[in-house]
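Let the sequences and hints guide you as you build the complete structure.
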Amino acid sequence: MKSAVVQLPGLNRDRDMIAALTKIGGKAPVTVWQTETEIPAGVDLIVIPGGFSYGDYLRCGAIAARMPVMQAIKSKAEAGVKVLGVCNGFQILLEAGMLPGALMRNASLKFVCKEIRLEVTNAETDFTRAYEKGQILRCPVAHHDGNFFADAETAERIEGNGQVVFRYAEGTNPNGSLNDVAGVINERGNVLGMMPHPENLIEAAHGGSDGRGLFASALDVIAA
Amino acid sequence: MIKARVTVTLKNGVLDPQGKAIEGALGSLGFDGVGHVRQGKVFDLELQTADKAKAEAELKDMCEKLLANTVIENYTIALA
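Line order of the protein sequences matches chains A and B. In terms of this note's numbering, the first sequence has 220 at position 220, counting the first letter as 1, and numbering is strictly consecutive. In terms of this note's numbering, the second sequence has 5 at position 5, counting the first letter as 1, and numbering is strictly consecutive.
Do not take every clue at face value.
Taking beta-carbon pairs under 10 Å as the criterion, some of the chain A residues facing chain B (in silico) [what the hints assert, rightly or not]:
id	residue
1	L94
2	E95
3	G97
4	A102
5	R105
6	N106
7	N147
8	F149
9	T154
Since the hints were made in silico from the structure, they are not lab data. Note that the Cβ used here is the ideal one computed from N, Cα and C, for glycine as well.
Set out below in structure tokens:
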């Protein structure tokens, strides 16, 4: 399984993401710069990491979503390649119209950086097979704009389709997200966006490895 | 040259925590009876054209593609 990590000015979680993909997949991902118009051949998983692309100017992820590399990512996604966006990566996927809804300023108006509990609400996706439905994971969050919003019709549709893959477990919603939504997948099931950072909980040095299953699923290296 | 102003505001029904905080701050400054404060963005632009219809069409396109996130925001366009 070949993976790629997208790099844009202001993203700062790319090295964590590269480390997670390398350690779990056994092979370093290729890196793709924002001006590139093609994703290298043979890539089966494209990851957009977190950070503050373009200083969060205009709206988080808004400018990054209009960069040339996003057209290349869109066409790969249409061809069935898996795409994962974490934190700012999630914001970018929403701004690019690749996922439904929007992320707004946290209800508290404060930046939140802490550990939350994450419930796996759909364990039948290519990103969550290593988990069980209803499993509660520990996971760090660090964001200012993670307050998920969708209009009533869209919210009902994504709930009905099982597109809400992760929810903040009861009492740990850090940002006011509608229905405690923490991660959303597209209808086809190959584009996932999530606010929490699974790449920051993959080994003993992190204090736990609950995030490993996501990469093991996406990279197709789930231990037997 | 045409000067334009684009105003972007949150749609009705979209919670606006920043507007709420501003409303609270106005109350604490002694401005009584202020309700439903909503905040938004204003963009002033200059377009190198004299054709108003073309300018409006282009501004609409700019709003749809970048200036507003139409999932949560509305926009209005005013030409000077």
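Which numbered hints does this structure break? Of the numbered hints given earlier, the structure breaks none, since each of them holds.
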